[in-house]
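2 protein chains.
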Amino acid sequence: MRQSQLFTKTRREAPKDEVAKNAQLLLRGGYIYKEMAGAYVYLPLGLRVLNRIMNVIREEMDGIGAQEILMTSLQDKAIWEATGRWSDEVVDNWFKTKLKSGADVGLAFTCEEPLTNLMREYIHSHRDLPLAAYQLQTKFRNEARAKSGIMRGREFIMKDAYSFSKDVDEHNEVYERYAEAYMRIFTRLGLGELTYKTFASGGSFSKYSHEYQTITDAGEDTIYIDDKKHIAINEEVLNDEVLADLGVQRDSLREAKAVEVGNIFTLGTKFSDAYDLNYLDEEGHPHRVFMGSYGIGPGRVMGTIVEVLSDEKGIVWPESVAPFSFHIVALGYEDEAVKAEADKLYEALNARGITVLLDDRIGPSAGEKFADSDLLGMPKRVVVSKKTIAAGLYELKDRKTGEVTTIAHEQLIA
Amino acid sequence: MRQSQLFTKTRREAPKDEVAKNAQLLLRGGYIYKEMAGAYVYLPLGLRVLNRIMNVIREEMDGIGAQEILMTSLQDKAIWEATGRWSDEVVDNWFKTKLKSGADVGLAFTCEEPLTNLMREYIHSHRDLPLAAYQLQTKFRNEARAKSGIMRGREFIMKDAYSFSKDVDEHNEVYERYAEAYMRIFTRLGLGELTYKTFASGGSFSKYSHEYQTITDAGEDTIYIDDKKHIAINEEVLNDEVLADLGVQRDSLREAKAVEVGNIFTLGTKFSDAYDLNYLDEEGHPHRVFMGSYGIGPGRVMGTIVEVLSDEKGIVWPESVAPFSFHIVALGYEDEAVKAEADKLYEALNARGITVLLDDRIGPSAGEKFADSDLLGMPKRVVVSKKTIAAGLYELKDRKTGEVTTIAHEQLIA
Chain C
1 MRQSQLFTKT RREAPKDEVA KNAQLLLRGG YIYKEMAGAY VYLPLGLRVL NRIMNVIREE
61 MDGIGAQEIL MTSLQDKAIW EATGRWSDEV VDNWFKTKLK SGADVGLAFT CEEPLTNLMR
121 EYIHSHRDLP LAAYQLQTKF RNEARAKSGI MRGREFIMKD AYSFSKDVDE HNEVYERYAE
181 AYMRIFTRLG LGELTYKTFA SGGSFSKYSH EYQTITDAGE DTIYIDDKKH IAINEEVLND
241 EVLADLGVQR DSLREAKAVE VGNIFTLGTK FSDAYDLNYL DEEGHPHRVF MGSYGIGPGR
301 VMGTIVEVLS DEKGIVWPES VAPFSFHIVA LGYEDEAVKA EADKLYEALN ARGITVLLDD
361 RIGPSAGEKF ADSDLLGMPK RVVVSKKTIA AGLYELKDRK TGEVTTIAHE QLIA
Chain Z
415 MRQSQLFTKT RREAPKDEVA KNAQLLLRGG YIYKEMAGAY VYLPLGLRVL NRIMNVIREE
475 MDGIGAQEIL MTSLQDKAIW EATGRWSDEV VDNWFKTKLK SGADVGLAFT CEEPLTNLMR
535 EYIHSHRDLP LAAYQLQTKF RNEARAKSGI MRGREFIMKD AYSFSKDVDE HNEVYERYAE
595 AYMRIFTRLG LGELTYKTFA SGGSFSKYSH EYQTITDAGE DTIYIDDKKH IAINEEVLND
655 EVLADLGVQR DSLREAKAVE VGNIFTLGTK FSDAYDLNYL DEEGHPHRVF MGSYGIGPGR
715 VMGTIVEVLS DEKGIVWPES VAPFSFHIVA LGYEDEAVKA EADKLYEALN ARGITVLLDD
775 RIGPSAGEKF ADSDLLGMPK RVVVSKKTIA AGLYELKDRK TGEVTTIAHE QLIA
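For the protein sequence lines, the chains are C and Z, in the order given.
Counting from 1, one number per residue, gives the positions in the first sequence under my numbering.
Counting from 415, one number per residue, gives the positions in the second sequence under my numbering.
Simulated from the structure, these hints should not be mistaken for laboratory data.
Hints may be right or wrong, so weigh each one.
Said to hold, decoys possible - Result set (PhoX-like, lysine-lysine): computed pairs, CA atoms no more than 20 Å apart in a straight line: (1) Z/K514 to C/K147; (2) C/K100 to Z/K580; (3) Z/K510 to C/K139.
Please model the entire structure based on the sequences and the hints provided.
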């Protein structure tokens, strides 16, 4: 894409009311726009990042056989009353509104209830199980305070998956596949080293649930990490019994602040009990369906990447989520020779399927262009100027390491 | 995809409370699920169709230089008060809710107000114009009655685009590009012949707006068609002046019921006036930005395709939006030879990048499988059975024309 065509612009300073580092940098880069506290618009560059994150998640969910759907945000009060979660005393962050008829409806903050109810249409026999469905859907949560940028929103996209199994054994196999897929997702998104499968409190049907916690001071959770096993324990369950279960020593743990980028949870029959969701076994006997749920917030992941990988100059995108792989910075694009060379390189890379942002703006100084390039954070920067043309060499800079290599024109294009 | 793995199932009858043909067929096929009147879940097959429709729209919007964004559903009351459209007396289909602080927020039914306000951050100079942004975003409209299936929902995805130009002349060029892109979209989606660019009432800034109306008895509008010019006039503006403007004779028009699948509208400076959205020309003089808006409902398009292209046996998807191009119907999949041959064909087509649904279910009769295949509506059906294996020939049936051709095994795979 040509930067002169991009309608967003960078800004030197973040708005004064924005306290979260992720939102400050993303606002300055023109990735997002703050509509209100906890509700952000994804601008062209930001949407490219969000889509890349969602596509990685989608590939991994499809890869373990989950089927993508798209549920409604408007939720029927009657369905939620079946589990008691319609009540504002039970769930304190509902957004609710009314139909013209006066009937109450809620805005989805999660989907266990409506999906379990829906599955009564499709689950009847042992042959229908196991199955799993997921969606990338906007969720609404009426947070009293929303100060974490895109890491905790009043409105945000969530990948929520739900599995339906015949019994706890089948469920445990499914659950393990999600656990493995989740680590693959965070590794592919550039957060693997900083993200720990973390033991947290379970429910009536399993001793533990698992959170995927990424170390950052911007996190709201405290975890205790065992570096050898690359696992962690949420402080809420740090006790001798848990240490014994996991075979780790208290002394070997280190404390860290972290953000929960994903979680997987054994629901058991809590929801199938509420909606009488049964299947018939081979002998025709009815059994409750055994469920699990699996969440990731792509926007929170994007915010976390900015929190943990950025430096003092700006954002540093991993290749897997960067809006563009290359940033061609043309200095003096008004010069015919620079224009011709920059365009040639831009088209050559595009033709090879490499995504490129070309800074073809006329006006900004070299210093401004370099500062913008650092702020925007594409993995690789190439400068095209009269000097590089005279030398027949490109300067190729790695945004993450800062390493500069010079490379002949023909070589880069090849 | 293997049909045995698909969690949805077909049903013989639509639910009694569903009166719209599009929803009846889509519910029977397991494409959608009705959460409440006017709010439908897209199930795996339905989401595939919706995504294909959205991708055609996306390609055409990107092709004319519009930049994709994703705005928020939660809308700030203060922003909407600037145009007077916060009032329920002016806009009667708002859904509204409240933040914990007690502040009112609305759920987006359209986005002229927040986007014009947002653009104050990015539009300053004549060099910033023209520009256009679009999104594929969930909209909420509190319809008193919602009886048209997915053609008119309380919650639905809308492609809404907005253009920002220096003046009416520049706007008119942009507008014409949208008009052309819209006809390309409907042609690609299989609705070209039945869809007419229709003259409708304009606003303060242009005599006409244009609707894209597809002929169907399920439509709520009445249009008058000039077949020679392939244009139409909405009955609301059918008068001698309009006839003269378009150079058409009243006698040559035929009346038809139609559904509005898209519309393009000249907004002029209505919104830029409300938000003081100006740009500076080359001499530094300020001018109002001149705007247009351009909408298409992908779900409504999907419903319209079902309304106008289905037959008495079920849905007939155009190749461009079908969830799968081929439906392999294996009869007697429990037989080793049938299984081997069906799997071989399935894998061969998949390997060539052709999308295939394989009916590998054991249990349903041949008649049930054929009825399901007709209901689901993939463009091409291939039967694999002991008989076709013995003959060394496949029966290839075109869902639209019903035409059956026989083709040698090797030939089909090639």
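The hints, checked one at a time:
A threshold of 20 Å between alpha carbons decides the hint, and for Z/K514 with C/K147 the separation of about 14 Å falls inside it, so the pair holds. Straight-line distance between C-alpha atoms of C/K100 and Z/K580 comes to about 41 Å, which puts the hinted pair past the 20 Å bound. Pair hint Z/K510 plus C/K139 holds up; C-alpha atoms about 16 Å apart against a cutoff of 20 Å.
Violation of the numbered hints given earlier is confined to hint 2; every other hint is satisfied by the structure.
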